[in-house]
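Produce the complete structure using the sequences and hints provided.
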Amino acid sequence: MASLSLLAAISPNDEFEGMLAAQLLASHNAAMECYRRAMIAEQTLEGRKENLGQANKLSRTHAALLEALNRHRGKGQQKVTVEHVHVHSGGQAIVGNVQGGGVLTKSEDQPHALGYAAGETLRSENSEREAVPVAGDGKW
1 MASLSLLAAI
11 SPNDEFEGML
21 AAQLLASHNA
31 AMECYRRAMI
41 AEQTLEGRKE
51 NLGQANKLSR
61 THAALLEALN
71 RHRGKGQQKV
81 TVEHVHVHSG
91 GQAIVGNVQG
101 GGVLTKSEDQ
111 PHALGYAAGE
121 TLRSENSERE
131 AVPVAGDGKW
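Here the sequence shown stands for residues 1 to 140, numbered as in this note's numbering.
In case anyone wonders, no lab produced these hints; they're calculated from the structure. For glycine and all other residues, C-beta sits at the position ideal for the given N, C-alpha and C. Among the clues, some could well be false.
As the list claims (entries may be wrong) - As a list, the in silico SDA-like pairs of lysine to any residue whose alpha-carbon atoms are at most 20 Å apart:
| id | residue 1 | residue 2 |
| --- | --- | --- |
| 1 | K75 | P12 |
| 2 | K57 | E33 |
| 3 | K57 | L24 |
| 4 | K75 | S11 |
| 5 | K75 | E15 |
| 6 | K49 | R60 |
| 7 | K75 | A63 |
| 8 | K57 | E15 |
| 9 | K49 | A30 |
| 10 | K75 | A31 |
| 11 | K75 | G18 |
| 12 | K49 | A21 |
| 13 | K75 | A21 |
| 14 | K49 | E33 |
| 15 | K75 | L7 |
| 16 | K75 | A9 |
| 17 | K49 | A31 |
| 18 | K75 | M32 |
| 19 | K57 | L69 |
| 20 | K49 | L69 |
| 21 | K57 | A26 |
| 22 | K57 | M32 |
| 23 | K75 | H62 |
| 24 | K57 | L20 |
| 25 | K57 | N29 |
| 26 | K57 | K75 |
Stated by the list, open to error - Computed Cβ-Cβ distance ranges for the label pairs, DEER-style:
| id | residue 1 | residue 2 | range |
| --- | --- | --- | --- |
| 27 | A22 | Q92 | 49 to 59 Å |
| 28 | E15 | H88 | 47 to 57 Å |
| 29 | S89 | M19 | 49 to 59 Å |
| 30 | R37 | V87 | 53 to 63 Å |
| 31 | L52 | G18 | 36 to 46 Å |
Below you can see the structure in the form of structure tokens.
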């Protein structure tokens with residue numbers, strides 16, 4: 001009866017959530033059984049250690065399943081916090097939500113900056129640059 005009330009409390013919205021809810025229930029019950037067995041007074045040290053190890057794995061599985069359910073439901077949105085930003089002389093920075101789709105152009109104040117140029121490569125100012133060695137098996 002408690003199992004059905006737990007499944008009802010999770011209230012799966014589709015088949016995927018129903019499958020996750022069943023796995024959440026199973027992993028929880030299995031972990032609780034391992035914890036119960038580890039607490040038996042006559043339990044050997046090896047038996048206690050094995051049961052606690054299995055309970056630990058099942059508890060981590062349960063947490064991963066819960067995270068997957070929350071991500072599926074859209075509750076697992078990531079939040080990115082930028083703490084250190086360095087904008088050097090002549091540079092530009094934007095703080096806030098930025099949406100793409102703008103037109104990229106070359107800035108006259110930044111001669112090293114390229115606008116949108118598909119297939120173009122950056123050229124070095126040093127025309128006599130040395131080749132960079134290629135990593136290999138140690139034989140040159």
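Hints versus structure:
1. K75 - P12: 14 Å, holds
2. K57 - E33: Between K57 and E33 the Cα gap is close to 13 Å, so the pair holds against 20 Å.
3. K57 - L24: 13 Å, holds
4. K75 - S11: 15 Å, holds
5. K75 - E15: 18 Å, holds
6. K49 - R60: 17 Å, holds
7. K75 - A63: 14 Å, holds
8. K57 - E15: Judged against 20 Å, a Cα distance of about 25 Å means the pair is violated.
9. K49 - A30: 16 Å, holds
10. K75 - A31: Distance ~25 Å between K75 and A31 Cα, so the pair is violated.
11. K75 - G18: Roughly 17 Å between the alpha carbons, so the hint for K75 and G18 holds.
12. K49 - A21: Violated, because 28 Å separates the two Cα atoms, which is more than 20 Å.
13. K75 - A21: 16 Å, holds
14. K49 - E33: 14 Å, holds
15. K75 - L7: Distance ~19 Å between K75 and L7 Cα, so the pair holds.
16. K75 - A9: This hinted pair holds, its Cα atoms lying about 17 Å apart.
17. K49 - A31: Holds: K49 and A31 sit about 14 Å apart, inside 20 Å.
18. K75 - M32: Violated. K75 to M32 sits at ~27 Å, over the 20 Å cutoff.
19. K57 - L69: 18 Å, holds
20. K49 - L69: 30 Å, violated
21. K57 - A26: 13 Å, holds
22. K57 - M32: It holds: about 12 Å lies between the C-alpha atoms, which stays within 20 Å.
23. K75 - H62: Holds, at roughly 17 Å.
24. K57 - L20: 17 Å, holds
25. K57 - N29: 13 Å, holds
26. K57 - K75: 24 Å, violated
27. A22 - Q92: 49 to 59 Å: Roughly 52 Å apart at Cβ, these two residues keep to the hinted range, so it holds.
28. E15 - H88: 47 to 57 Å: Taking Cβ atoms as reference, E15 and H88 lie about 53 Å apart, which means the hint holds.
29. S89 - M19: 49 to 59 Å: With a Cβ separation near 56 Å, S89 and M19 satisfy 49 to 59 Å, so the hint holds.
30. R37 - V87: 53 to 63 Å: Taking Cβ atoms as reference, R37 and V87 lie about 59 Å apart, which means the hint holds.
31. L52 - G18: 36 to 46 Å: 31 Å, violated
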